[in-house]
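K.L.:
Take a look at the letters that make up each chain.
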Amino acid sequence: MTTTSAPKVQNARANTVQLTVRVKRGAPGAASHWQEYKIEASPLDRFVDVLNNIKWTQDGTLTFRRSCLHGVCGSDSMRINGRNQLACKTLVADLGYKISAEPMLGYPVIRDLVVDMDPFFGKYEKVKPFLINNTPAPATERLQSADQRKRFDAGTKCILCGACTGSCPSVWANPEWVGPAAIVNAHRFIFDSRDEGAAERLQILSDRTGVWRCRTIFNCADVCPREIPVTDLIEDVKRAIIYGEPDIPNT
Amino acid sequence: MPYHKFDVVIVGSGGAGLMAAMQLSHKYSVAVVSKLYPTRSHTGAAQGGVAAALGNQEEDHWQWHMFDTVKGGDYLVDQDAAEVLAREAIDAIYDLEHWGLPFNRTADGRIDQRRFGGHTRNFGEGPVMRSCYAADRTGHMILQTMFQQSVKNQVQFFNEFLATELIVTDGRASGVVAYSIRDGDVHTFSAKAVVFATGGYGRAWRITSNALACTGDGMSIAYRSGIPLEDMEFYQFHPTGIYHVGVLLSEAARGEGAYLLNNEGERFMMRYTPSLQELAPRDIVSRSIVQEIREGRGIDGQDYVYLDIRHLGAEKIREKLPDITDFARTYLRIEPITDPVPIQPTAHYAMGGIPTNINGQVILDEKNTPMLGFYAAGEAACVSVHGANRLGTNSLVDLIVFGRRAGKHIAKMLDSGELDYADLPANTAERTQQMISRIRAGSGERAETIREEMRDTMTDMCGVMRTEEKLLQCGSKIAELQERYQNISIMDKSSSFNTEMMEAIELGYVLDCAEATVESAAARKESRGGHFREDYPTRDDKQFLSHTLAYRKENGGVKELRYKPVVITEFQPKERKY
Ligand SMILES: Cc1cc2nc3c(=O)[nH]c(=O)nc-3n(C[C@H](O)[C@H](O)[C@H](O)COP(=O)(O)OP(=O)(O)OC[C@H]3O[C@@H](n4cnc5c(N)ncnc54)[C@H](O)[C@@H]3O)c2cc1C
Ligand code: SF4
Ligand code: FES
Numbered sequence: 001m002t003t004t005s006a007p008k009v010q011n012a013r014a015n016t017v018q019l020t021v022r023v024k025r026g027a028p029g030a031a032s033h034w035q036e037y038k039i040e041a042s043p044l045d046r047f048v049d050v051l052n053n054i055k056w057t058q059d060g061t062l063t064f065r066r067s068c069l070h071g072v073c074g075s076d077s078m079r080i081n082g083r084n085q086l087a088c089k090t091l092v093a094d095l096g097y098k099i100s101a102e103p104m105l106g107y108p109v110i111r112d113l114v115v116d117m118d119p120f121f122g123k124y125e126k127v128k129p130f131l132i133n134n135t136p137a138p139a140t141e142r143l144q145s146a147d148q149r150k151r152f153d154a155g156t157k158c159i160l161c162g163a164c165t166g167s168c169p170s171v172w173a174n175p176e177w178v179g180p181a182a183i184v185n186a187h188r189f190i191f192d193s194r195d196e197g198a199a200e201r202l203q204i205l206s207d208r209t210g211v212w213r214c215r216t217i218f219n220c221a222d223v224c225p226r227e228i229p230v231t232d233l234i235e236d237v238k239r240a241i242i243y244g245e246p247d248i249p250n251t
Numbered sequence: 001m002p003y004h005k006f007d008v009v010i011v012g013s014g015g016a017g018l019m020a021a022m023q024l025s026h027k028y029s030v031a032v033v034s035k036l037y038p039t040r041s042h043t044g045a046a047q048g049g050v051a052a053a054l055g056n057q058e059e060d061h062w063q064w065h066m067f068d069t070v071k072g073g074d075y076l077v078d079q080d081a082a083e084v085l086a087r088e089a090i091d092a093i094y095d096l097e098h099w100g101l102p103f104n105r106t107a108d109g110r111i112d113q114r115r116f117g118g119h120t121r122n123f124g125e126g127p128v129m130r131s132c133y134a135a136d137r138t139g140h141m142i143l144q145t146m147f148q149q150s151v152k153n154q155v156q157f158f159n160e161f162l163a164t165e166l167i168v169t170d171g172r173a174s175g176v177v178a179y180s181i182r183d184g185d186v187h188t189f190s191a192k193a194v195v196f197a198t199g200g201y202g203r204a205w206r207i208t209s210n211a212l213a214c215t216g217d218g219m220s221i222a223y224r225s226g227i228p229l230e231d232m233e234f235y236q237f238h239p240t241g242i243y244h245v246g247v248l249l250s251e252a253a254r255g256e257g258a259y260l261l262n263n264e265g266e267r268f269m270m271r272y273t274p275s276l277q278e279l280a281p282r283d284i285v286s287r288s289i290v291q292e293i294r295e296g297r298g299i300d301g302q303d304y305v306y307l308d309i310r311h312l313g314a315e316k317i318r319e320k321l322p323d324i325t326d327f328a329r330t331y332l333r334i335e336p337i338t339d340p341v342p343i344q345p346t347a348h349y350a351m352g353g354i355p356t357n358i359n360g361q362v363i364l365d366e367k368n369t370p371m372l373g374f375y376a377a378g379e380a381a382c383v384s385v386h387g388a389n390r391l392g393t394n395s396l397v398d399l400i401v402f403g404r405r406a407g408k409h410i411a412k413m414l415d416s417g418e419l420d421y422a423d424l425p426a427n428t429a430e431r432t433q434q435m436i437s438r439i440r441a442g443s444g445e446r447a448e449t450i451r452e453e454m455r456d457t458m459t460d461m462c463g464v465m466r467t468e469e470k471l472l473q474c475g476s477k478i479a480e481l482q483e484r485y486q487n488i489s490i491m492d493k494s495s496s497f498n499t500e501m502m503e504a505i506e507l508g509y510v511l512d513c514a515e516a517t518v519e520s521a522a523a524r525k526e527s528r529g530g531h532f533r534e535d536y537p538t539r540d541d542k543q544f545l546s547h548t549l550a551y552r553k554e555n556g557g558v559k560e561l562r563y564k565p566v567v568i569t570e571f572q573p574k575e576r577k578y
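From first to last, the protein sequence lines stand for chains Z and W.
According to my numbering, the first sequence is numbered sequentially starting from 1.
According to my numbering, the second sequence is numbered sequentially starting from 1.
Keep in mind that the hints were calculated from the coordinates and are not lab data.
It should be emphasised that the depicted structure is a prediction, and the values quoted were computed from it without experimental measurement.
There's no promise every hint is true.
[What the hints assert, rightly or not] The calculated lysine-lysine pairs, modelled on DSS-like cross-linking and capped at a C-alpha distance of 30 Å, are:
#1 K5/W x K128/Z
#2 K152/W x K238/Z
#3 K157/Z x K316/W
#4 K38/Z x K157/Z
#5 K150/Z x K320/W
#6 K320/W x K123/Z
#7 K98/Z x K126/Z
#8 K126/Z x K316/W
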């Protein structure tokens, strides 16, 4: 964790600062090690710009995922200065002159900052993350009130970046646990007035690897780049299990 | 070498690819090959909405939508395709709703709709509420919903696989070759039908709203296989990208009343389009901004102007424009409630692409000869519903309507037995292996210098404003970069998650797209929609009411340009006046 103060944001991008970036590098079957890079950057640069510049001008072997560069695709969650963040939503100005980057905890490392997301998507699939409704659909849309729509809005923002799941001590202790992201996506359907699959999903989430492993530590909500109140949604699901059904507005 | 066999292989997991998969996966074996995890596709970045004449808020008709599309495209739109788009948009939206897409709702529980630039009632009389939306993340919700349905239908994904080659047997598509980023293996997929839904190529320019993955791969692979690229000179520059980073600030800001200001604090759009002011079509606003900058009226004499929403008031800004405020705060550290936001035009959308007919079948020439078994959809394809300029919210409709049509047409052809597996040629994957070995053994410069020079050149010489002189210079510069690319080198020789190799391959693709763009632009001596020639500032229907088809030489470079007539059914070309 860095202790230096953050570079000041200047209006001109031309004012660059010297950064020291430490990256935890690794590959399967080899011990990981820290490597240090020195690079110039503007306080307004995204951390992903810094990584790209290192890759493009210094060390082509530095490996990380990225695509949209503005916080909507969920590719580049990593542990920056000890906290899971999207590299593209974090500016140098907020990180200080000495920055550390590591792969997220709780995921198998493929190479450098790239982790294996397959187990994460496997858990997501387990909660049946799709609308279940066996009543034949009308010729036009199914009706839903604005209040009903609002009931599950929070979860629809999820970009499946995995930051929450990778910051959860219960996940670190128990890799079998479905983890916060899967529950967020279950919540999105359980509380959708058009969905008929709540019972199935609540069943899945009430077992050994379900919601009860959540110890309300709030790490997940703290790191979510979409500002989803993850822990609150998990609590919502716990309540639905206790009451036997989700509370959804009737109209 | 790993080998797979599927009825259908779809390259690309954005809205277009997944929509095609959805039509097929219940009955046929389908593989979706994507260089990203599906939910990382750039469809997820779309904010504004998706157009369909549902008429939930006020009277609307698909004929009106069709007209707006044709006019917006400066009459280069194929009107049979525009009709399909506008008609089928309605059902396609209901499909998405039935799959759970969380649209915003009206007071009576229907899908809510709002206004968007260029969409009008009664053939141009005034704005209409046609854009269906899910907050300010419509594309995200479309992508999520399609992915959810793919999980439900157990579509088989090959994630982080970079397609490198279209396999052709006796003139028909018979499969795909792909490089597995994870372990460096080259995989062969044999298929009865292949769909390319690989998205756009905004990365050819310096400032762009597009993701790093938007490098025109599918267009280039098709082009290298002898298939022409259509209308590549028509590329849309969105007026309001965040200064320096290009991240898009949606048209919604100007819809709500935002001003554009130059360094004198003047609302300069009043001078260019007094009637519509800031709400003129995207191409016109982008040109006006560039003109201001050229004449020294950029802020501090630099290459940006201001988007000003301060007069809208804190409350309205918070309520209506949360995304814009969020992006400005995150990336510029500017508070739009109290300060104007620096913006500049940003490379945004490819109107051109792989030519297809209205069934998504790729066509090979100006006679519309289809290639058996090969389909394209989404931004990678050119149907052409966008003509010379795309209207906001019309791309997402394009994905779902033509993704769906491609899927359905393949299903029909499979049902009737008209598509089957073909023997793969003996040299399958050779080109890919050679490309990989060449890059690995290369001793020249690294990708970075070539990529940077390409982006600067395209921005300066093949951007918002074009002239013969600059386009010719640009053409020879791109040819020079193509030469240098042949000897490109990489530092990373590993086969495990080698993203430097991936980026090097992608650079080759985007260079091809740049090449086709500049050559097509040089030959079109008129101004129409997104293609503006300072030396030929007016539209010339006599000579140029036709689509460009650019063919590649075997060893690189444009071989020839051919022209294909525009399909005109209902609406005779008129001057595009707003
Ligand atoms: C910021 C922004 C906002 C927008 N807002 C709107 C809007 O409000 N309304 C609207 O209608 N349109 C909007 N658009 C345009 C629209 O979003 C895009 O045109 C559209 O989403 C493209 O979808 P697609 O399915 O064709 O491609 P994409 O979603 O880009 O997907 C391409 C897919 O192809 C894959 N791929 C590419 N190359 C390869 C390869 N070589 N091998 C394997 N896989 C490959 C990628 O992994 C990806 O899955 C916006 C665009 C941007 C950038
Ligand atoms: S809930 Fe937030 S942190 Fe977790 S996966 Fe979704 S977007 Fe990422
Ligand atoms: S690159 Fe897409 S979220 Fe960061």
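K.L.:
Taking the hints in turn, state whether each one holds.
P.N.:
Here is what the structure says about each hint:
1. K5/W x K128/Z: Holds - the C-alpha atoms of K128/Z and K5/W are around 28 Å apart, at most 30 Å.
2. K152/W x K238/Z: Roughly 25 Å separates the two Cα atoms, so the pair holds.
3. K157/Z x K316/W: holds, 22 Å
4. K38/Z x K157/Z: violated, 36 Å
5. K150/Z x K320/W: Given pair K150/Z, K320/W holds - Cα atoms ~16 Å apart, limit 30 Å.
6. K320/W x K123/Z: Answer violated: K320/W to K123/Z is near 35 Å, above 30 Å.
7. K98/Z x K126/Z: violated, 40 Å
8. K126/Z x K316/W: Between K126/Z and K316/W the Cα gap is close to 41 Å, so the pair fails against 30 Å, i.e. violated.
Hint compliance for this structure: hints 4, 6, 7 and 8 are not met, and every other hint is.
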